[in-house]
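Novice: If you're matching them up, the sequences are chains A and B in order. Numbering-wise (the numbering used here), the first sequence opens with residue 1 and increments by one. Numbering-wise (the numbering used here), the second sequence opens with residue 1001 and increments by one.
In short, the hints are calculated from the structure, not lab data. The model shown is predicted, which means the values in this text are computed figures rather than measured ones. Careful: at least some of the hints might be erroneous.
[Claimed, not checked] Okay, the calculated beta carbon distance ranges per label pair:
1. D1062(B) <-> H250(A): 38 to 44 Å
2. H371(A) <-> A1300(B): 49 to 55 Å
3. R191(A) <-> M1151(B): 48 to 54 Å
4. D215(A) <-> T1115(B): 28 to 34 Å
From the three backbone atoms N, C-alpha and C, an ideal C-beta is built for every residue, glycine too.
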Amino acid sequence: MQKAQTVFDEMNGEAGDVRYPYEEYQKWLSGEDPARLRRKSSAAEAFFRRTGITFNVYGREEAAERLIPFDIIPRVISAREWARLERGIEQRVRAINAFLHDIYHRQEIIRAGRIPKELIANNNAFLPQMIGVSPPGNVYTHIVGTDLVRTGENEFYVLEDNARTPSGVSYMLENRETMLHMFPELFSQVRVRSVSDYPKNLRRSLGDCAPPACDGKPVVAVLTPGIHNSAYFEHSFLADQMGAELVEGHDLRVVNGRVAMRTTRGYDPIDVLYRRVDDDFLDPLNFNPESQLGVAGIMDVYRAGGITIANAPGTGIADDKAIYSYIPEIVEFYTGEKSILQNVPTWRCAEPDALAYVLDNLDELVVKEVHGSGGYGMLVGQAASKRELSAFRAKLKANPGNYIAQPTLALSTVPILTNKGLAPRHVDLRPFVLVSPRSVNITPGGLTRVALKAGSLVVNSSQGGGTKDTWVLEE
Amino acid sequence: MLGKTAGGLFWMFRFLERSENTARMLDAGFRIALTRSTAAENEWASVVAAAGVTDAYTAKYDQYIARNVIDFLLRDTSNSSSVWSVIEGARNNARLVRTALTREVWEATNECWITLKDLLAHPISERDLPEVLGTIRQQSALVRGALHGTMLRNDIFDFARLGTYLERADNTARILDVKYYVLLPSASFVGSSLDNVQWESILRSVSAQRAFRWLNPGEINPMGIADFIILDRRLPRSLSFCYAKIVDNLSYLEADYGLRLDCHEMAAPILQRLKESSIASIFDEGLHEFITAFIRDNMALGAQIEQDYRFIG
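Start from the sequences, fold in the hints, and give me the full structure.
Specialist: Structure, rendered in structure tokens:
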């Protein structure tokens, strides 16, 4: 079904004419000297290095801190395109929050037979500790990063919902800063919507979810696993931008029924904890007893309304890749509307017919682990050798429930600057969504990830992908 | 402020100060080794001793020769006080306390790390040593400049300064601890030319040779040097200067937090003793005893600050 795909280039379209969102940019670009652009490109790299915008790579001593390559050609989205994406994302995020509430309370969706019971009951991402717990303001996913891909003029698909702890928002902000710094004149010619309110909105959105125990101005802190974590830069960046404390597990303890941080004057209670550690490590008393990253007893404080944890524990059930395939049903069930954004067709390998199909067509499919992320443990059939395919076939047969498969989509391309001029590369898009009891706020744009190798479809930074500034044009 | 953050600031600035001091001591040692080849081995041994890493050094090397000492003090990752180790330590602490630093201070620290990472990637030849030492001092100065120019004068600043001055006092005292004998009257009576070189070297290792000459034109004597380095409150690396600053910074914290703690009780008498002492009384009491006691008190104060302000849980 995926043979002879044509690739949609977002700048040049299918016919090779510059598409209208890029018209203004193209005007500017055609007046630029390519040598100057390449100099700017190295200047950008130096800027990132000096600022310390790096991520840590596990298990590679010599390159412990790496830069994510930044490409200076922006990815441009028109106001109209964005308006539709925005509606679709909001609908989806609202449905996911309703789903999470339901799944940890009455489980109407299972009673209605819309999703199978086993999918929840046998799922490690489902936290029994959350049954009957209502988070402050009933918000489960305070921060979401919805991964989108595009295959044509009007074809967008949601690839993943990332309802746990999506990362990358610091790159969205720093990419824009870098572009403003390097090409100030460009921004006076093209009217691009600003992204710089994100930290302020994040702070407000988290504050709006303060727990019952909070009196006065909510105290917000960011919980990081520490300076060796791959996303530490982002954790410190967000804390800094929000004016929040950046804490680690050993800074925290439960004092008088509140989670409190050790300050130079004693222990001060925290109202909202934006945690960047996984559920399993959050509380050694309630989950993994070996964890050094969390706070003993935080779940008890949480259940008693003493703290807000963002995102709520147990949200992982909603971005599990097996649940993903049911999201269109979930959207319909809770909103009564058809899903605005499409899902990528997905074969659940747990189902025998689907498994048979996947095994027969492995060389054309992308297979993912149900609980995986970051591009690890994934098979891209078209790029795999015979030996890799047969090894993967064996893994699939041994544990089919652990996998889903999707067609290899012809992801859209946007040009990057190479030594030989512009060249198209595949991209995806991660817009960032903030949810509070009052509103769903989506920053215009998001993080565009780009595969730097010609023809490659893998955009993950851990696998050598880069990023681009993402522009949403003003009306 | 988090206790951890206070501790991170304190150590970030201790480490930066240490990198600069090690560079200064190497510079002074190198000069003696160049001009007095017979004294070189002793001189390198005392540089290593003043850096407080004699045991680690002798575990690795048998002899005090320039190449090994330079490598051990500048680049060796097994030496936790080598310039590279402390610069890494300073930057790791800066990352830890990133939210407490201005962008300028963070970038200066990161730049320092990037620059020295390249500079210290390979062994340093004697030919390149002066330039490398100059760069180390300059990088540390750039961070200090950013700190002074951009940071709020609040508790964040106080903890940074406490780290700087405790480390500096420790360093100056250690130099005196290793070299006290060349300042004793019995040795100085002769006033041999080697003594002169040694005195110069002590002054050089606290960047005070020019200031001393300027204040005491035409005369250089060991008691004058000791007086200058221990008691002169105009000299920014003297023990008196450091303690005046430590007590100041602690008093700002006391006022800010409205809390007088054990560390305040401990710091005041150290400053008081320096104020009341004359260099003659110190020599009477015993220069070495005085210095040893000072180093011990200074360390104890560091530990007390750490405890009082909850650096560690």
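Novice: A separate judgement is required for each hint: does it hold in the structure or not?
Specialist: Going through the hints against the structure:
no.	hint	result
1	D1062(B) <-> H250(A): 38 to 44 Å	holds (42 Å)
2	H371(A) <-> A1300(B): 49 to 55 Å	holds (52 Å)
3	R191(A) <-> M1151(B): 48 to 54 Å	violated (37 Å)
4	D215(A) <-> T1115(B): 28 to 34 Å	violated (49 Å)
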